[in-house]
Structure formats: structure tokens, C-alpha cells
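Undergrad: Each chain, letter by letter, is given below.
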Amino acid sequence: MEKDRVDQIIDEHNADPSHLIQVLLDIQVENKWLPREALERVAERLEVPMTRIQHIATFYKAFSLVPKGQHQIHVCMGTACHVRGASRVLDKVQDLTGIRPGETDMDLKFSLETVNCLGCCALGPVVEIDGKAHGKMAPAQTAEVLKNYD
Amino acid sequence: MPRINSPAELEAFRNNLVSQRDPNKTCITLCSGSACHASGSREVAARFQEEIQQQGLAGQVEFRRTGCHGFCERGPIVVIHPDEICYFQIKPEDVPEILSETIKEKKIIDRLLYEDPATNEKIIRESEIPFYKHQGRIVFGSNGSIDPKNIDDYIAIGGYSALARALLGMSPEQVLGEVKKANLRGRGGGGFPAGVKWEGSRNAPGDIKYVIVNADEGDPGAYMDRSLLEGNPHSVLEGLTIGAYAVGAHEGYIYVRQEYPLAVENVNVAIRQAEEYGFLGHNILGSGFDFVVKVHRGAGAFVCGESTALMTALEGRAGEPRPKYIRSNVVGLWGRPSVLNNVETWANVPLIINNGADWFTQFGTDGSKGTKIFSLVGKITNTGLVEVPMGTPLKDIIFKIGGGIPNGKKFKAVQTGGPSGGCLPDELLDLPVGFDELTQAGSMMGSGGMIIMDEDTCMVDVARYFLEFLTDESCGKCVPCREGMRQMLKLLTNITKGKGKDGDIELLEQLAETLVEASLCALGRSAPNPFLSTLKYFRDEYEAHIKEKRCPALSCKELIAFYIDPEKCKACTVCARKCPSEAIIGGKNLIHIIDQEKCTKCGTCFEVCPPRYRAVRKISGEPVPPPIPEEARTIVKERKQK
Numbered sequence: 000m001e002k003d004r005v006d007q008i009i010d011e012h013n014a015d016p017s018h019l020i021q022v023l024l025d026i027q028v029e030n031k032w033l034p035r036e037a038l039e040r041v042a043e044r045l046e047v048p049m050t051r052i053q054h055i056a057t058f059y060k061a062f063s064l065v066p067k068g069q070h071q072i073h074v075c076m077g078t079a080c081h082v083r084g085a086s087r088v089l090d091k092v093q094d095l096t097g098i099r100p101g102e103t104d105m106d107l108k109f110s111l112e113t114v115n116c117l118g119c120c121a122l123g124p125v126v127e128i129d130g131k132a133h134g135k136m137a138p139a140q141t142a143e144v145l146k147n148y149d
Numbered sequence: 000m001p002r003i004n005s006p007a008e009l010e011a012f013r014n015n016l017v018s019q020r021d022p023n024k025t026c027i028t029l030c031s032g033s034a035c036h037a038s039g040s041r042e043v044a045a046r047f048q049e050e051i052q053q054q055g056l057a058g059q060v061e062f063r064r065t066g067c068h069g070f071c072e073r074g075p076i077v078v079i080h081p082d083e084i085c086y087f088q089i090k091p092e093d094v095p096e097i098l099s100e101t102i103k104e105k106k107i108i109d110r111l112l113y114e115d116p117a118t119n120e121k122i123i124r125e126s127e128i129p130f131y132k133h134q135g136r137i138v139f140g141s142n143g144s145i146d147p148k149n150i151d152d153y154i155a156i157g158g159y160s161a162l163a164r165a166l167l168g169m170s171p172e173q174v175l176g177e178v179k180k181a182n183l184r185g186r187g188g189g190g191f192p193a194g195v196k197w198e199g200s201r202n203a204p205g206d207i208k209y210v211i212v213n214a215d216e217g218d219p220g221a222y223m224d225r226s227l228l229e230g231n232p233h234s235v236l237e238g239l240t241i242g243a244y245a246v247g248a249h250e251g252y253i254y255v256r257q258e259y260p261l262a263v264e265n266v267n268v269a270i271r272q273a274e275e276y277g278f279l280g281h282n283i284l285g286s287g288f289d290f291v292v293k294v295h296r297g298a299g300a301f302v303c304g305e306s307t308a309l310m311t312a313l314e315g316r317a318g319e320p321r322p323k324y325i326r327s328n329v330v331g332l333w334g335r336p337s338v339l340n341n342v343e344t345w346a347n348v349p350l351i352i353n354n355g356a357d358w359f360t361q362f363g364t365d366g367s368k369g370t371k372i373f374s375l376v377g378k379i380t381n382t383g384l385v386e387v388p389m390g391t392p393l394k395d396i397i398f399k400i401g402g403g404i405p406n407g408k409k410f411k412a413v414q415t416g417g418p419s420g421g422c423l424p425d426e427l428l429d430l431p432v433g434f435d436e437l438t439q440a441g442s443m444m445g446s447g448g449m450i451i452m453d454e455d456t457c458m459v460d461v462a463r464y465f466l467e468f469l470t471d472e473s474c475g476k477c478v479p480c481r482e483g484m485r486q487m488l489k490l491l492t493n494i495t496k497g498k499g500k501d502g503d504i505e506l507l508e509q510l511a512e513t514l515v516e517a518s519l520c521a522l523g524r525s526a527p528n529p530f531l532s533t534l535k536y537f538r539d540e541y542e543a544h545i546k547e548k549r550c551p552a553l554s555c556k557e558l559i560a561f562y563i564d565p566e567k568c569k570a571c572t573v574c575a576r577k578c579p580s581e582a583i584i585g586g587k588n589l590i591h592i593i594d595q596e597k598c599t600k601c602g603t604c605f606e607v608c609p610p611r612y613r614a615v616r617k618i619s620g621e622p623v624p625p626p627i628p629e630e631a632r633t634i635v636k637e638r639k640q641k
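So the protein sequences, as listed, match chains A and B.
Each residue of the first sequence is one higher than the one before, starting from 0 at the first, in numbering that gives the first Met the number 0.
Each residue of the second sequence is one higher than the one before, starting from 0 at the first, in numbering that gives the first Met the number 0.
Treat each hint with caution, since some may be false.
[Unchecked claim] Under the rule of at most 25 Å between Cα atoms (straight-line distance), these lysine-lysine pairs were calculated in the DSS-like manner:
1) Lys546/B <-> Lys135/A
2) Lys146/A <-> Lys597/B
3) Lys408/B <-> Lys135/A
[As the list claims (entries may be wrong)] So the derived label-pair ranges between C-beta atoms look like this:
4) Gln140/A <-> Ile156/B: 37 to 45 Å
5) Glu102/A <-> Asn267/B: 31 to 39 Å
6) Pro116/B <-> Lys146/A: 31 to 39 Å
7) Asn588/B <-> Ala142/A: 26 to 34 Å
[Stated by the list, open to error] Pulled a few chain A residues facing chain B out of the computed Cβ check, cut under 7 Å:
8) Ser17
9) Arg87
10) Leu107
Just so you know, the hints here were simulated from the structure itself, not pulled from any lab data.
Quantities reported herein were computed from a predicted structural model and do not represent experimental measurements.
Here a beta-carbon is modelled for each residue, glycine too, at the ideal position from N, C-alpha and C.
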């Protein structure tokens with residue numbers, strides 16, 4: 000991520016240290032992860048220690064300190080999806096992609112995450128790929144859905 | 000748009016809006032909440048806009064994208080006013096027909112109507128559908144008729160009149176008195192009386208005070224706050240501003256999860272519009288009262304739903320709770336008195352101010368007044384958001400509104416209160432919903448998630464599931480929560496894997512007691528609830544797992560096996576073709592056998608076996624019968640006799 004862009008985001012928040020989480024969120028959303036150089040710049044401009052930034056970046060689920068794959072797979076593990084068999088769907092996605100939740104594959108194609116509720120419980124079990132929800136998933140369907148993201 | 004400077008100007012503006020709107024003009028509303036987006040409502044909206052032009056209906060019909068209607072099971076939903084014709088599960092290709100048939104020709108399209116599964120009768124009007132008919136929607140009611148991005152829609156239905164009344168017709172003490180008298184209790188979990196909380200802040204020393212909306216809805220399976228904030232953001236802003244006036248705060252925050260992008264967007268639009276109209280900012284409605292609101296996006300941490308953790312997060316730090324010797328309404332955000340209520344609680348405030356506490360208290364039970372929105376999810380026919388008066392029996396919500404359990408299965412339990420709540424069995428279905436009633440039964444109200452479980456749900460696994468969730472979400476600050484939950488999870492996981500030992504239940508109970516007594520915040524203190532309530536009502540399931548290594552619900556993967564009944568298998572090859580692990584051996588006219596070594600227990604064969612055969616069975620607690628001898632496997636088809 001360009002240093003200028005990081006500066007721009009910081010300026011939008013007036014370099015206010017109480018906006019630290021908001022600044023990091025903006026960087027995360029745009030860049031998909033938080034590169035070290037960007038964090039160092041934030042530490043410098045907001046005048047907060049790097050340890051606090053690390054604390055926040057590892058505390059909140061939205062942040063990633065490693066690069067993410069081209070396609071983000073979110074398997075909903077909310078209660079409604081759970082009772083409808085989400086864990087079997089997750090098993091299948093892990094089988095097919097070869098990665099576990101929190102991981103990204105070697106060719107940066109897929110990143111897999113479990114999420115706690117996407118709030119579309121009527122469609123459960125739900126797998127969201129790049130923001131598009133795939134509802135009423137069964138293990139057998141998973142391969143077909145993932146094929147579209149080759 | 001000019002600023003509105005007094006209640007009289009607001010009334011004049013409203014009257015003008017209403018007079019310009021012809022109540023008989025056809026208005027097509029389309030549900031555009033997040034849940035309907037997931038089922039394609041954006042595409043439907045685009046098609047409507049295009050087709051209205053193409054069919055030359057521009058000017059004759061109004062098209063409005065509204066918030067969530069609640070009946071998520073059947074989304075996307077279209078309601079055509081003023082006749083209230085209700086169409087469900089609309090796809091873009093249905094749109095031209097709706098316009099040419101229903102709008103132009105006034106003909107009802109039968110296939111898009113709701114069909115009552117009990118009577119097979121088609122129902123045209125929204126209010127006659129059982130899902131809606133048995134609800135009492137006072138907070139959620141406007142969601143389906145207004146465009147959340149258009150403040151005029153909210154004003155036209157009486158919006159901001161409560162604010163005008165409070166700011167110019169009542170003293171802060173009177174507002175406080177009314178909310179106290181209404182006995183409005185917090186809808187976010189604890190059920191603490193809002194008026195008492197406000198009063199504590201009002202009387203606390205200091206000039207700078209804060210009011211905060213908790214929209215960090217983290218309970219899995221609960222999404223009513225999102226739908227309210229997405230669908231009717233002004234009602235929350237109005238309630239918050241009234242609260243600020245009562246408390247004496249001039250700054251407010253909305254803490255909303257960044258996982259709710261539409262809610263963030265709509266609330267930001269609403270704040271901008273309210274500022275333009277003079278409902279927020281300096282000298283609101285000419286009253287001399289100033290109030291500004293800022294939106295803070297939460298970065299994803301369940302514990303931030305806890306009041307002190309949320310305030311720490313607002314300060315730009317990691318959201319860890321602190322001990323509450325002094326409550327946050329006295330020492331909260333930046334050490335100042337801060338009132339935190341959740342979205343639904345704030346949305347109730349304008350109703351109380353407009354209609355009075357006496358009106359509000361007519362709904363509900365002795366201890367719980369008003370209504371509550373529940374998200375009814377899980378193994379239920381009608382998934383969706385339902386608002387009912389407090390005191391409504393669980394069975395009415397589940398069966399009358401929810402339509403019961405799908406696929407002819409048997410009801411087993413209802414889980415309320417999210418990860419901090421508990422599971423209630425069918426003996427308690429007559430229980431009226433209310434804060435105290437649910438707590439007494441070993442569960443809690445929580446934010447209003449209501450997850451229905453049927454006979455296929457393993458209760459030990461449910462307890463394990465919630466503990467896994469909370470172990471992951473524990474901030475780690477205090478030892479009982481961090482380590483206690485980890486140990487409980489380990490024990491429960493072992494039990495679901497068939498590695499449970501005698502004494503595990505007692506050890507779990509001891510750990511639960513420590514967590515309840517010694518944890519720093521409500522997350523740890525309530526974490527054992529799912530375990531304790533399932534143990535209380537479903538102890539036999541725990542014992543079956545531990546003693547017989549059997550999962551009575553046939554759900555725990557390590558304790559079940561799939562088996563094809565040779566008597567029933569007709570060698571149709573469907574399961575063999577679908578099996579992702581190639582674990583099914585068989586062919587045409589050759590009875591299928593599952594290779595237990597290869598089987599990953601994904602359950603695909605069980606799902607795809609044609610219902611007329613039902614040859615695949617789940618087995619638990621007993622050995623899988625040996626495969627039948629090779630020579631007996633060939634099926635000789637009987638010739639049909641003429």
C-alpha cells in the first residue's frame with residue numbers, strides 16, 4: 000500500500016489517536032491486510048506505540064497481519080447454521096481448498112475464515128465468497144460452488 | 000432542504016408531506032435488508048426500476064426499497080400498497096409480470112402468494128398471513144413501509160414528533176420519569192431498567208456526559224438490531240437524542256459492527272439528513288439543546304458488546320472489560336458518565352414519549368413491559384424476525400408464528416439468550432417470555448436470539464458449540480474465564496468424541512461454578528449457562544455419550560456410522576455417485592455397501608438416498624453390521640405382472 004494513501008486515511012481521521020481502530024479498519028478494508036510499513040506509519044503519525052497497534056491488530060477479528068488470497072471464503076458458524084450442519088460444510092471446504100480457517104493457500108487463491116453469524120439465518124448453512132452469499136449449502140454442493148472461483 | 004426550527008414548523012412540514020402523498024397511489028415496496036440482499040433483492044430492485052420505465056408506469060407507481068419485513072424465510076418480499084398484496088421469493092424474472100398483471104390489470108398472481116401450509120389456502124394480504132397475524136409490531140412495524148435513506152418517509156409517519164414533545168414540552172426530569180414509569184428494560188441482554196441507568200448518569204458529577212448505542216450485536220443467530228438500524232435508523236437516532244436530553248449529554252456514539260455494512264451506511268445517511276433538518280446538531284428544533292452523534296465501527300470482538308469493553312474500544316484501544324465497582328453510567332467513556340443502551344431499547348423511547356408510559360405498560364408482564372423482537376432461526380419453518388408483547392408463551396412464537404418444525408421432525412429445545420443463554424425443553428413451552436421468567440428457567444432473554452432445535456440436534460454438542468465460541472471470544476484478561484472455559488471445552492469436546500469419563504460431569508459443574516463466581520465480566524459469568532441448562536434438562540444425553548458412547552441425536556460425528564440397509568437398498572447408485580470420498584461400493588443391481596474405512600461421515604449419502612427407499616441409516620452406540628456376503632448382493636428385479 001502506498002505511503003501517501005496511508006497518510007490520506009490518517010488525515011481523514013485528523014491523526015486522532017482515539018480513531019486508531021477506525022484508521023486500521025480503513026487500511027484493512029482497502030488493502031485486505033495490514034502491512035508492517037503501514038502500521039509503522041500509523042504509529043508515527045498518531046503517536047501511539049507499536050505495541051498498542053499490535054495489541055489491537057491481533058485482538059480484533061477484522062484485522063490480518065498476513066496477505067489474503069484473491070477469494071475470501073467465509074463459512075458461517077452461527078448457531079442457526081450450526082444446527083443445520085455447517086460443520087460438515089466447513090469440513091468439505093477445508094478438504095477442497097486444503098486450508099484451515101485463518102489460512103491462505105500457497106498461490107494466494109483462497110483465504111478461509113469462519114464467521115459467527117452473517118445474519119441471513121433463513122439461508123443457513125451459508126458460505127459467503129467475496130461478499131456473495133451461497134445459501135442452503137450441503138457438503139455435496141460445495142465443490143460446485145467453489146469451481147466458479149477457479 | 001431548510002432547517003426545521005420549531006415543533007410548529009415540523010408539524011407544517013409533515014402536513015405538507017402527507018398532503019403531497021396520495022394514499023391511494025400504487026406503491027411497490029421491496030424488502031432490501033441484508034437478509035433479502037443475500038437472496039437477490041438488489042437484482043430484483045434493478046429490474047423493477049428498469050421495467051417501470053419500459054412499461055410506461057413511471058409517475059403512476061412509486062417504487063420503494065424498504066428495510067427488513069422480518070419474514071426472511073420467504074424473501075425477497077414485495078408488498079403492493081394500498082391493497083397490501085404480498086408476494087414472496089421474488090426473482091428478477093417475476094418483475095415484468097407483476098407490473099403487467101397486478102399493477103396494470105389488477106390481477107393477482109397466484110404462484111407468488113403465500114400458501115398456508117396448514118390449509119393450503121393462498122393468502123393475499125400481509126396482515127392475514129399467520130406469521131404476521133400473531134405478532135404485535137410496535138417497534139418494528141414501520142420497517143416495511145419506509146425507505147431508510149429518506150428522512151421524509153420517517154417524518155410522514157410521525158417521526159421526530161416525540162423529540163419535539165420532549166425537548167419543548169417536557170423537562171429532562173419529566174422525560175426520565177416517563178421512561179422510568181414505563182419500566183423500559185434494556186433489550187441487549189441484562190434487562191437493566193433504562194430509566195434507572197439514565198438517572199444514575201444524570202445525577203453523576205461532571206458536565207460532560209455521553210449516550211451510546213450498542214449495535215455490536217454479536218450473538219450468533221440474532222440480527223434484530225441490524226434490521227432496525229438498517230430499516231429505521233431515525234427511530235434509533237430520535238430515541239438517542241431524547242435520552243441525551245434526559246441525561247444531559249451533548250455527544251453520542253453509535254458503536255456498530257463493521258460486518259454490518261448496510262447498517263453503517265444507512266445510519267450515516269440518517270445522521271447527515273437529521274443534521275440538515277436540524278434534528279441533530281446545534282439548537283435542535285429551536286430548543287437550545289445541542290447534540291451530535293458519531294459512528295464508530297467495531298472491528299469484530301464479541302466481548303465488545305459488554306459495556307465497559309465497548310467503551311474501551313470507543314477510546315481506540317483493545318476492548319477489554321474492567322471491574323465494575325463503579326458502573327459505567329457514572330464512570331464510563333473517558334472516565335465520564337455514559338449511558339449505553341442497545342438499538343432496540345433506544346428505538347422504544349420515542350414510542351414511550353409519544354404515547355405515554357401507561358400505553359407502553361399495557362403490553363407485557365409484571366416485570367417486563369412492552370414488546371420484544373426475537374430472531375426466530377434454526378430448525379423452524381418460518382425463519383425471521385418477530386415482535387411480540389412480553390409474556391407471549393414460547394409455544395405461540397414457535398408454532399403459531401414460526402409454523403413449527405419443518406420436515407415433520409419433533410421439537411427438542413429452544414435456545415434463547417445467545418452464548419450466555421440456555422436451552423429450554425418442550426415441558427417449558429408454556430413459559431411466557433420475559434426477562435425474569437427466562438432467567439428463572441435457567442436461560443435468559445439476551446438480545447433476543449431464539450434458536451429452535453429438533454430431534455437431530457445433539458444437546459451436548461450445542462453446549463460444546465457455545466463454549467467453543469466463547470473460548471475463542473474471551474479477551475483473556477481474567478484467569479477463570481480464559482482458563483476455565485478452555486478446560487470446560489476440552490471436557491465437552493472429549494465427551495462428544497466418545498472419550499468422556501465418569502466424573503466429567505461433576506468436574507464440569509465445578510468449573511462452571513468457578514466461572515460464575517470469579518469471572519470479571521458477564522461473558523465469563525454466563526458462559527456456563529448453555530452447559531448448565533442442557534445438563535439440567537437433557538442429562539440423559541450426557542450420560543449416553545459418556546457411558547454408552549452413543550449420541551442419541553445421531554449427530555456427533557465420532558459416535559455415529561452410516562450404514563446402508565441391504566433390505567431397503569434398491570441399488571439406484573445415487574449415493575455412490577454423490578459420495579465425495581468414493582466410499583460406497585456397488586453398482587447397478589448390486590446392493591451398495593459403505594466402506595467404513597473410507598467414509599468421512601459427511602452425510603451426503605443420507606441426504607441423497609431417495610425418500611422412497613430411505614436405505615441409509617445412522618447408527619450410534621452399536622457396531623456396524625458386517626457387509627452382506629457377495630452372492631446375496633445382486634438384486635434380481637421382479638417382472639411387473641400385467
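Undergrad: All hints are to be evaluated individually against the structure, with a verdict given for each.
TA: Now for the hints, and whether the structure bears them out:
1. Lys546/B <-> Lys135/A: 35 Å, violated
2. Lys146/A <-> Lys597/B: Roughly 24 Å separates the two Cα atoms, so the pair holds.
3. Lys408/B <-> Lys135/A: 18 Å, holds
4. Gln140/A <-> Ile156/B: 37 to 45 Å: The hint (37 to 45 Å, Cβ to Cβ) holds, given that Gln140/A and Ile156/B are roughly 43 Å apart.
5. Glu102/A <-> Asn267/B: 31 to 39 Å: Hint holds: Cβ distance 34 Å, inside 31 to 39 Å.
6. Pro116/B <-> Lys146/A: 31 to 39 Å: For Pro116/B and Lys146/A the Cβ distance comes to about 35 Å; the hint holds.
7. Asn588/B <-> Ala142/A: 26 to 34 Å: At 28 Å between Cβs, range holds.
8. Ser17: Result: holds, 4 Å to nearest chain B Cβ.
9. Arg87: 5 Å, holds
10. Leu107: 22 Å, violated
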